[in-house]
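2 protein chains.
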Amino acid sequence: MGKEIKTAAVRWVEGLEFEAITGSEHRLTLDANVKAGGQNHGPSPMELLLVGLAGCTGMDIVDVLKKKRQEVTGLEVRVEGTRAETYPMVYTDIQVTYVVRGKNVSQKAVEDAIQLSETKYCSASAMLGKAARITSRYEVLPE
Amino acid sequence: MGKEIKTAAVRWVEGLEFEAITGSEHRLTLDANVKAGGQNHGPSPMELLLVGLAGCTGMDIVDVLKKKRQEVTGLEVRVEGTRAETYPMVYTDIQVTYVVRGKNVSQKAVEDAIQLSETKYCSASAMLGKAARITSRYEVLPE
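First to last, the protein sequences are chains C and Y. Numbering-wise, the numbering used here comes out as the position in the first sequence, counting from 1, plus 147. Numbering-wise, the numbering used here comes out as the position in the second sequence, counting from 1, plus 147.
No lab work stands behind these hints: they were computed from the structure. Quick caveat: nothing in here was measured; it's all calculated off a predicted structure. Careful, some of the hints might be misleading.
To be verified - With a straight-line Cα cutoff of 25 Å, these simulated BS3-like cross-link-like pairs (lysine-lysine) come out:
#, chain 1, residue 1, chain 2, residue 2
1, C, Lys267, Y, Lys277
2, Y, Lys255, C, Lys182
3, C, Lys150, C, Lys267
Hey, can you work out the whole structure from these sequences and the hints?
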């Protein structure tokens, strides 16, 4: 079996607006915010990196907690990226906050799941972590 | 003025499906593909990194070519990422293809725009380029 390849393409619409289509055949509109010269008709490219990171690690957490037989009823992953002030304005710091809800969910299981995602499974975290300092915190709440 | 902060959050829906909301108040659904245990109800997190990269560099190209007074009538940016075979399965190689359409668009102007994006402006490229080898090619086509 060959290596896995993922694809995406964007097509310019007008201004700084683009329409994207992914290899999995989903479409979305991208745009810059008004301050950056766009019209905010869609998420910005740099926001999408954060969405990708949040989704990637979120899927890991769901998966690992399910394997650990934890009764998770809700999970939210919030991500905040702080950009450098000079070009290329990368994120220098990314803060990830996990809010897990469930029935008697073990704090230890959540910690393990986050650590596995951060250090082993999450491709987005591994990639963005080469450029930014990624830190995380979590809350476990009753259902 | 403080540093620019971007945010995003994802909330678990079911299976590996998440709903995302960005700081710019746009919503999108994320999911894993069927092979990865999802239902392909939305783009995957790793596809979103590619969309972010394509959009980021695409906006730069539009911007720079406009400043260079090139009559661009179309731009497509295609991105292909090849993943490592072992966890965390980062993209090791990312190939970016720019297809520019317009009236007498200068090849030199396109080359300059791509280079400026790759080396100076594009935040996503600068970040993902720390983990993957990013290569690019372009075509300039008549309108």
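So, going through the hints one by one against the coordinates:
1. At roughly 18 Å between alpha-carbon atoms, Lys267 of chain C and Lys277 of chain Y fall within 25 Å of each other, so this suggested pair holds.
2. This hinted pair does not check out: Lys255 of chain Y and Lys182 of chain C have alpha carbons roughly 29 Å apart, beyond 25 Å.
3. A hinted pair counts as satisfied when its Cα atoms are at most 25 Å apart, and Lys150 of chain C with Lys267 of chain C qualifies at roughly 19 Å.
Hint violations for this structure: number 2 only, all remaining hints satisfied.
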